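S.K.: Can you make the complete structure from the sequences, with help from the hints?
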Amino acid sequence: MPRVMPPGRTALRVLPVLFAVALLAILLGREGEAFAQSITVSPTVYRLNAQGQTFDRGLAAPNTYGINYADCVEDVSFRFNVTATGPGSAFYAFISQKGVNCGDSANRATQTAKCWPVMADAIPFKNLQDLTFRVRDLLSQASPNINPKVQTFTSGTDEVCQGKGFQTGRLELELQFFFLNGDSIAGQKGAITIPVDIKGPPKPTITSIGGGEGRLYIGFTAGSDQDTQGYTLFCNPPPGKEDPGQELLPVGAAAVCPGTAFPNATPIAAGTSQSGDNPDAGTSAATSEGVVLSSEYECGRIEGSTATEAVVTGLKIGYPYWIAMAARDGFKNNGAASDASCGVPVPVTDFWDLYKGAGGQAGGGYCALERVGGRTGAGALGLALAGVASLAVARRRRRR
Amino acid sequence: MITRRLRLTLGIVTTMALVGLADSGTAEAQDRSGILTPRHREVGSPQNFAIEARLSLYQPEIDSEPGLVGKPYASTFGDMRRALVGFEFDWQALRIPHFGSIGPGVAASYTVLSAPTYVTGTTTPAREETSLEVFPFYGVAVLRLDLLNHDLHIPIVPFAKAGVGYALWRSYTDAGTASSVDPVSGKNQPAKGATWGTHAAAGLALDLNAFDGTAARNFDNSMGVNHTYIFAEYTWMNLRGLGGQKAPLYVGGTSWTFGLAFEF
Chain Y
1 MPRVMPPGRT ALRVLPVLFA VALLAILLGR EGEAFAQSIT VSPTVYRLNA
51 QGQTFDRGLA APNTYGINYA DCVEDVSFRF NVTATGPGSA FYAFISQKGV
101 NCGDSANRAT QTAKCWPVMA DAIPFKNLQD LTFRVRDLLS QASPNINPKV
151 QTFTSGTDEV CQGKGFQTGR LELELQFFFL NGDSIAGQKG AITIPVDIKG
201 PPKPTITSIG GGEGRLYIGF TAGSDQDTQG YTLFCNPPPG KEDPGQELLP
251 VGAAAVCPGT AFPNATPIAA GTSQSGDNPD AGTSAATSEG VVLSSEYECG
301 RIEGSTATEA VVTGLKIGYP YWIAMAARDG FKNNGAASDA SCGVPVPVTD
351 FWDLYKGAGG QAGGGYCALE RVGGRTGAGA LGLALAGVAS LAVARRRRRR
Chain V
401 MITRRLRLTL GIVTTMALVG LADSGTAEAQ DRSGILTPRH REVGSPQNFA
451 IEARLSLYQP EIDSEPGLVG KPYASTFGDM RRALVGFEFD WQALRIPHFG
501 SIGPGVAASY TVLSAPTYVT GTTTPAREET SLEVFPFYGV AVLRLDLLNH
551 DLHIPIVPFA KAGVGYALWR SYTDAGTASS VDPVSGKNQP AKGATWGTHA
601 AAGLALDLNA FDGTAARNFD NSMGVNHTYI FAEYTWMNLR GLGGQKAPLY
651 VGGTSWTFGL AFEF
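As they're listed, the protein sequences go chains Y and V.
Throughout the first sequence, residue numbering follows the numbering used here, covering 1 to 400 in sequence.
Throughout the second sequence, residue numbering follows the numbering used here, covering 401 to 664 in sequence.
Read the hints as simulated data drawn from the structure, not as lab findings.
Incorrect hints may have been included.
To be verified - Computed, partial: chain Y to chain V, Cβ under 8 Å:
#, residue
1, GLY165
2, GLY210
3, GLU213
4, ALA253
5, ALA254
6, PRO347
7, ASP350
8, PHE351
9, LEU354
10, LYS356
11, ALA358
12, ALA362
Stated by the list, open to error - Listed next, the stretches of chain V that the computed footprint assigns to chain Y, with coverage defined by at least 3 CB atoms under 8 Å from CB atoms of chain Y:
#, segment
13, 467-473
14, 527-537
15, 587-595
All of these numbers come straight from a predicted model, not from anything done at the bench.
For glycine and all other residues, C-beta sits at the position ideal for the given N, C-alpha and C.
M.R.: Shown next, in the form of structure tokens:
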């Protein structure tokens, strides 16, 4: 026998179901909102000089948009193209070593921070915008020795460029953008990897320096580092900038160079132990890690890491030159300069000098022979060879 | 200096080469009558050519140039012989049964000699190097007497070569081609040029087929190589100018040459 429920009781039973459905709808709606928030970062990055103009550093892939020492010293900025989808009023930018999730609040905490803000304030929300960050700011926050590990933004100074706390090899940082809902990340974060290497390889050691005619031969041993991709040579004075008043050394005299080897050298990691008694590259400002020399002294380059001898050309015979060299990495960073050595190009006597001095008559070029010998020349030999070839072909044809 | 005996030998070889080339048509005609065979068919595939990989112990006779005071070559490069590597290609145009083959051949080789320079006015070696590179070429008539090998089964093949030599040469330092100023014209003269001369050689080749006939047949079947030799040769590169060539650099010399030869 069917049971008939009164209308009032039916309504009481349906009401909780309707309430649950409505609640679920609200929750799902909120979840949908949360998933709608996302940030993406374009892989194309622009390098801006201090005047805000874009330029190319000429670094090879995969470090095209990497940060090197010159970027830091020249106070270069990087511009990123960021796309955000809302809703939201602002989002944040943090930097960390690659692989650290800055969405995890523990990684942004004061004592255990692994992520640091790269802007003082939150970034106002826009769907599409270019965000520019100074390299010094990025590095300052990422440098474990300089950053005080607080959740407040600290602007970077030129101190960071000395590379204190950085290794000589390639480091990957990650710039992360995300919305925050309280302490938790909201939506999908955007991130871009930034290769960094602001510290050149260890300094090589000059083991010998020998003179040639207008050139110097520098024997050296490399520092132990896998990062080295070449060497940069430094001369003081650089070729073409010799002091016309400098007295030339007589042939056979020992090389003696005047004055300080390389004035205005930049010490690496100032504040560490001084080495005034045995100054690198001849400057009393040197530190235990050495000095970086200015490109104004550059007088040659070697590509590749296996070389053990370098040659500087275009030098003046009898003029004393200070010579130093530095290893260079894939980010075009010159490492610390070697100790400076003094060298003097010398006049040399080669075989041809001896031959001519002994009364030898030959020489004048291949074409000179044609004039002297009339029809006898390379062409005659060519004709003879062609004749032999023709004979061979003709004979083979006859046989067929 | 070429001795009288050498001149005689060269004359004979050259004459034979010229006669051989001039009479090749006659020889073919005789071949049709069965007297001569233009091709060697003793070991399988036809044999018309030979190629040699050569290594000579070379020392140019630059210091023997007339009028030269002192020994600039020996003073710079010393008297140790240097390696001259090259190859030779011969066409065995004419085969004379029970005697051997004769035909033209061409060759090219290369060597470079290097030594330290000296600080001018001293005996102190400088770090900079001075070098002399030489590219000798020659075109010769080649006579190979293989009657011992073919008829008497003694795997020795005497041979002789005679013809014209030519060498390109250049002296340079680390800074590039050396040069000197002509005292008459005042012009800069680069330290490079070419020298003509005569070329002769005589030697013995050992037929390696005698040591492994099966391998030799396989080599012939697969690559068409009839004979493989190692050889030793005494070489006269008389590169002192030819036909009135003025002021040649004496880049020739006598040397022992060793190598590997293939007939195919």
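S.K.: The structure should be examined with respect to each hint, and the outcome stated for every one.
M.R.: Now the hints, each set against the structure:
no.	hint	in the structure
1	GLY165	violated, 41 Å
2	GLY210	holds, 3 Å
3	GLU213	holds, 6 Å
4	ALA253	violated, 11 Å
5	ALA254	violated, 12 Å
6	PRO347	holds, 4 Å
7	ASP350	holds, 4 Å
8	PHE351	holds, 4 Å
9	LEU354	holds, 4 Å
10	LYS356	holds, 5 Å
11	ALA358	holds, 5 Å
12	ALA362	holds, 4 Å
13	467-473	holds (count 7)
14	527-537	holds (count 6)
15	587-595	holds (count 7)
Hints 1, 4, 5 from the earlier list are contradicted by this structure; the remaining hints agree with it.
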